[in-house]
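Got chain A; can you put chain B on it based on the hints?
Listed in order, the protein sequences are those of chains A and B. Residue numbers for the first sequence follow this note's numbering, beginning at 1 and rising by one. Residue numbers for the second sequence follow this note's numbering, beginning at 356 and rising by one.
A portion of the hints provided could be inaccurate.
[Unchecked claim] If you want a taste of the chain A side facing chain B, the calculated C-beta under 10 angstroms gives, among others:
hint, residue
1, Leu114
2, Ala136
3, Gly137
4, Gly162
5, His164
6, Glu165
7, Ala201
8, Leu236
Bear in mind the hints are in silico, worked out from the structure with no lab data behind them. A virtual CB, placed ideally from N, CA and C, is assigned to each residue, including glycine.
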Amino acid sequence: MPYNAGVTRAAAPLVTPPTHASRTAPVPPAPWTRRHLLGLGGLTPAELRTLLSRAAELAAAGGADTLHGRTVATMFFEDSTRTRTSFTLAARRMGAEVVDLSAAASSVNKGETLIDTARTIRAMGVDAAVVRTRQAGAAAMIAAALDTEGGAACSVINAGDGKHEHPTQGLLDLLTIAEAHGRLGGLDLSGLRVVIVGDVASSRVARSAVAGLRALGAESVVVGPPALCPPGLSALGCRVARDFDAELPRADAVMMLRVQFERHETCPQGEGGKVGPAERTTAIGTAREYREFFGLSAARAALMKDDAVVLHPGPTNRGLEIESDVADGPRSRILRQVTLGVPVRMAALEACILV
Amino acid sequence: MASLLIAGGRVIGSPQVGGGFAPPTDADVAMENGAIRDIGPGLSSDPADRVIDASGCLVVPGLIDPHVHLREPGGEHKETLETGGRAATAGGFTTVCCMPNTGPALDSPEMVGFIAHRAAATSACRIFTVAAATRGRRGDDVTEIGLLARAGAVGISDDGDCVASAAVMARVLAACRDAGLAFMQHCQETTMTRGASMHAGEVAARLGLTGWPRAAEEIIIERDVRLNAGIGSRYHVQHISSAGSVDIVRRARAAGRPVTAEASPHHLLLTHEACEDYDTAAKMNPPLRERADVDALRAGVADGTITVLATDHAPHAPQEKARPFEDAPFGIIGLETALPLYAEALVATGAIGWERLIELMTIEPARLCGLDRRGLGSLTVGGPGDVTVIDPEMEWTLDAACLAGMSRNTPFLGRRVRGRAVATIVGGMVRFEA
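Same shape as in the complex, but just chain A (with noise of 0.2 angstroms):
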């Protein structure tokens, strides 16, 4: 048997019927019925509806107190602050006690497996633990041990799986576009047109963000070079195009996301840290090439629709892939994307804890 048969798999149908219905009436909070967050992909419209609207909800109230007692576990095997950060934020603001257990990467270092660095904490008594990890679907085979193994519940949080998914960054960009466009009492995005943009193949964020807007009713295209948007992208959900220029007039809204030299596997000029990201040469040609046909700079900004937004998960390369007066300017919702990302994790937290 796999090691991870029984979790939900993240395939969902190729086209989920938007639900125009809900546009207008209020959402009823549809019954949330998973221990752990894996990924967007296989989550129904209502599941996310549910977190979403229940994260409004809390960010208006700046949290509560139904995580008291509760305590949440943070372990991340890649390098993060401001998830990490967000998570601890988010779980301290729903009463929940926190404890950093990233050192604990260091005893998969001395060759603990993943699985028995899960038990570890779990047998600790932990409620929730928040996982990132460098390799794709690790977080999901540490809730599949969990499960299967029987002992106290333990709810696992994917904050990042390698390429594969960042649920709740997917989760906050979905918010911060519904706020944009009004569109928080249904939560339904239909009609909307998202174009996400640069290193699409090596984004946990762009896998996430595409499953979740799709199941919202809102399009998807991905813009790129080839080798960091390949044709085969479109497996996602989404149109791969090219030209950004000719996507940016109907976009709804421009989610920019971070050349993420660490995880080309080719990086001739790049590596050693010798030279700075925008001098680097790597699959993207080069800073020059990129920042011509991909970057998001303020007279590009300017072929947006007038209510369109700009997004990017940050850390940003400013000067690469967006300019600072985009970064800075008013169409950005980047500070926001942060400020909702604490009560897209306290609605995370609290819906898998108390399942």
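For chain B alone, kept in the frame of chain A given last:
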């Protein structure tokens, strides 16, 4: 030594002028002193110490697998010559050829001697060595291929790694030609597969895994066929996986080039969809590809482009395969499960019949490795008493109980299959009975 009579079976495996086997006949096979004493109908059981009733069964030359990883020396926690030999006989194989990617590599006449010595002392089946093409399998210095041949190596390969340098490859091919050994290439242009863990396609895109394109295999075959044009070594493509590769081999063979290719059970049955859910049991090198590739491989077997079947038996310990997909090692075990899987992929689909399947698993790999000169791969009076009795109709389930080797890494457990080796006889000795 004991004598043995295999009575009442349908015998496939009498060599025939022109290459293939003679049509099957109902006959008995008598063995004595490790060799075949007689083949014919109504043989007397009189001097036989033991009679095996083979009615309803095929009686064929002992199966030969020219591509296995037995992990000794250096990986004895995965498999040894002893446990690998058990796995082989449990699957009907009487001879296997082990690849040199051990620690240290099988790259010297001394190491070839070590394998022969250890195999004789511990293994239930015959084990021959495919020796490394370059020292330490590092792709630089060519090994002593002439001495390796004299020491008993039956092929040359850096399997697990491709000989990447064209200049080194040309020297290796010339040395193999002079030594009379086939060169067996692991076709992988590694600059295209860095960080890749599965086929470059829809599933990899969804799972967020770096893809391994077909071209990484195809361009190496093209390069080597071209290189070999002026050399004329026997050149063998290991574990062929893509439709394009089949086309390249087909064209080369049509042009009279000395090119052969082998296919593995998993590439004949599974597609990249088996990697869904990050199932590391389905992580292979080369990777499982798409339906069209599976179909092309089967067509390649049917039209004679692919002439050899090999398991690429690659055992790994559970904790190794329990790593996240990207970190888990490549490979699947195959010795115990191969025969019914080939039958499912090739015979049940009508691509070939049992007679041809047996050729692909006996005389063809024997010729590839020069084992036919030792009388292996066919049934001849006076030849070695290596015989496999197959019940082609037996329905059974591949489960852990059928695995006789040390490792369990296969996605085929639980599969309902048809056809099984019910007796495996090596040198006149019954080494396995189902």
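How the hints compare with the structure:
Taking 10 angstroms as the C-beta cut-off, the interface hint given for Leu114 (chain A) holds, the closest approach to chain B being about 7 angstroms. Evaluation of the Ala136 (chain A) hint against chain B yields a held restraint, the C-beta minimum of about 4 angstroms falling below 10 angstroms. Of the supplied interface hints, the one on Gly137 (chain A) holds, with its beta-carbon coming within about 3 angstroms of a beta-carbon of chain B, less than 10 angstroms. A cut of 10 angstroms between beta carbons decides the hint on Gly162 (chain A): the least distance to chain B is about 6 angstroms, and the hint holds.
For His164 (chain A), the interface hint holds, the least distance from its beta-carbon to any beta-carbon of chain B being 3 angstroms, beneath 10 angstroms. Here the hint on Glu165 (chain A) is kept, as its CB sits about 7 angstroms from the closest CB of chain B, short of 10 angstroms. Evaluation of the Ala201 (chain A) hint against chain B yields a held restraint, the C-beta minimum of about 8 angstroms falling below 10 angstroms. Interface restraint check: Leu236 (chain A) against chain B, minimum CB-CB distance 6 angstroms, threshold 10 angstroms, status holds.
Checked against the numbered hints given earlier, this structure breaks none of them.
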